[in-house]
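Visitor: Residue numbers (my numbering): 199 to 765.
No wet-lab data here; the hints were simulated from the structure. As the structure is a prediction and not an experimental result, all values here were calculated from the model. Glycine included, each C-beta is placed from N, C-alpha and C at the ideal position. One should not assume that every hint holds.
Within a straight-line C-alpha distance of at most 25 Å, the following computed PhoX-like cross-link-like pairs (lysine-lysine) qualify [what the hints assert, rightly or not]:
(1) 622 with 704
(2) 622 with 706
(3) 622 with 715
Simulated restraints on C-beta separations [what the hints assert, rightly or not]:
(4) 692 with 575: 17 to 23 Å
(5) 451 with 747: 41 to 47 Å
(6) 428 with 541: 30 to 36 Å
(7) 672 with 447: 29 to 35 Å
(8) 539 with 585: 29 to 35 Å
(9) 715 with 550: 14 to 20 Å
(10) 738 with 538: 41 to 47 Å
(11) 611 with 710: 18 to 24 Å
(12) 561 with 732: 31 to 37 Å
(13) 464 with 640: 28 to 34 Å
(14) 747 with 619: 20 to 26 Å
(15) 550 with 450: 47 to 53 Å
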Amino acid sequence: MEKGCAFISGLSFLWFGAEEKAAVVATASDLQTKGPGRDDPRGALRFGVESTGGLFKRSLMTEQEAQNAVFVRSVKQKNHLELPISALSPTSSIQSSLSSASIPLRGQGNLKFTSWSLPAPTSVEPEKKSTITNRLLQLERQLLDDEDDELSVSDGSAVTNSEWNETMQKLIFPQKPLSNSPTSSSSSSSSSSITSSRQMLLDTATAISAGNLDTAAANLALLKGAANKLGNPEQRLTAMMVTALALRINPRGPATIAVTSDIFTPEHLTSSQMLYEAAPCFKLALMTANLAIIEATKDHPKIHIIDFDVGQGLQLASLLHSLAERHRHISVKITAFCDPTLPFNSLAGNLNLVGDRLAKLAEGLGIGLRFSTVNRRTTELDRAALDCGTEEALVVNFAFLLSRIADESVSPANPRDELLRRVKALGPKVVTLVEQEMNGNTAPFATRFAEACAHYGALLESMEAIIVGRESNERARVEACLARKACNSVAREGADRVERCEVYGKWKARLGMAGFKPVQLGPGVVETVKRRLASLGNNPGFMVKEEDGRVACGWMGRVINVASAWH
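Can you make the complete structure from the sequences, with help from the hints?
Guide: Rendered as structure tokens:
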């Protein structure tokens, strides 16, 4: 028997497949109910129990015909259900995608959110037979009650959409009883909502990977009801990822050009710098890199810093402040290297302004500073092009840069490894690396999406703890930056996918193949970062830990950023 929406009969076959229907029929036939039946005023039906006390003693076909006759007269089915039929298909893929989902149901103009806990395809069999029958009988009473004729219904329906939807979900997919404790109940409800939305996102990504685009589209339609850009962190994440998945399904949609180009605009550059300042995990990781530079160059009066992504110069400004606090009479040279072939270097024209601001800052701090820019291809990178002096302590800073440079999975030329080899040939005193900790480069799409959900979900939660006001302009711009990064990482492929984060283990292997060795960060570096974290206030969710030559900054056990040093 083909699966789908079945007729409302004495057994109320709603959205059951063949196996489920057979199980319910077998259940009903085995049960006997005592007591008198209920006479139908129309004289066409004795509902439930015959006068002899037997349940459904007439043939199933006769029972169905009688029930359908009454149903047609008393209940007029709505032409439109707010819940898409495709989203309730009993196929295994859709049942998986709707597992514990938060689904909006609209009835009589009121929006309601109800947690649905859909069973696995085989969940009907182990359920107690009496429970199934009771649920079906209750459904029939709701739909075919004699008193319904007395209701005033202008549209001819004795059951409203709201009642219809609520009855369906309560009887077919009953919720588990809540704890008697109000605190536990609230916590359980919140946890269930978070789990359901996150799971549906993951299932949708799996459906896309399998080519089940209809299922994915139906899931996204449901997820939109749980998305809210101004809501709690999970609702914000859902909004972010629904957009990313929609673009994945339809990469040529009207919003695609705006989303993919936004990561190369001045606004994205500015909001990225705001992210580095506002999010403690980013700020602490950049601070760790600066401390590693100071530690490595403490005995050198001249420092030459090569930076491949100066941005607005915030990290370098912080470094100058740290150098001044140590009362060092040194000279600093900063070279901003820009490869014109890299798409995110299209804003290099602003570097002169950044250099002027840094020069004024250094002058006020009593530090001699020389700022210059070099516009060359990576293949032309050498000491002569950078004007490196023999008496200088050469420093190379990779802050959130390497993950945006293509590797061998994108281009046979492997620009990422080419850059590392060129930098190694410069003979730097120290190379600092700061990256987001996420397996988002060569992993399969579904795995990459799951990583993105966990990573950006933790980020949004951490920002909720430190940014006051969910509707603040600062937070909106920072989260828009995160959304653009997530969309590029999830929705794009090939050369168009610029955001290609890696986990530390992969960076360690890649730098090792280029000839680099890790520099052990001293205890003073880690303790300084921890003191800075403590100064941010009482936020126990944040963490800073040293492990395997790196300093990891994270939230609630999830590492978000990693800083390390190499030579």
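Visitor: All hints are to be evaluated individually against the structure, with a verdict given for each.
Guide: Here's how the hints hold up against the structure:
no.: 1; hint: 622 with 704; in the structure: holds (18 Å)
no.: 2; hint: 622 with 706; in the structure: holds (14 Å)
no.: 3; hint: 622 with 715; in the structure: holds (11 Å)
no.: 4; hint: 692 with 575: 17 to 23 Å; in the structure: holds (21 Å)
no.: 5; hint: 451 with 747: 41 to 47 Å; in the structure: holds (44 Å)
no.: 6; hint: 428 with 541: 30 to 36 Å; in the structure: holds (31 Å)
no.: 7; hint: 672 with 447: 29 to 35 Å; in the structure: holds (32 Å)
no.: 8; hint: 539 with 585: 29 to 35 Å; in the structure: violated (22 Å)
no.: 9; hint: 715 with 550: 14 to 20 Å; in the structure: violated (36 Å)
no.: 10; hint: 738 with 538: 41 to 47 Å; in the structure: holds (46 Å)
no.: 11; hint: 611 with 710: 18 to 24 Å; in the structure: holds (21 Å)
no.: 12; hint: 561 with 732: 31 to 37 Å; in the structure: holds (33 Å)
no.: 13; hint: 464 with 640: 28 to 34 Å; in the structure: holds (31 Å)
no.: 14; hint: 747 with 619: 20 to 26 Å; in the structure: holds (21 Å)
no.: 15; hint: 550 with 450: 47 to 53 Å; in the structure: violated (38 Å)
When each numbered hint is compared with the structure, violations occur for hints 8, 9, 15.
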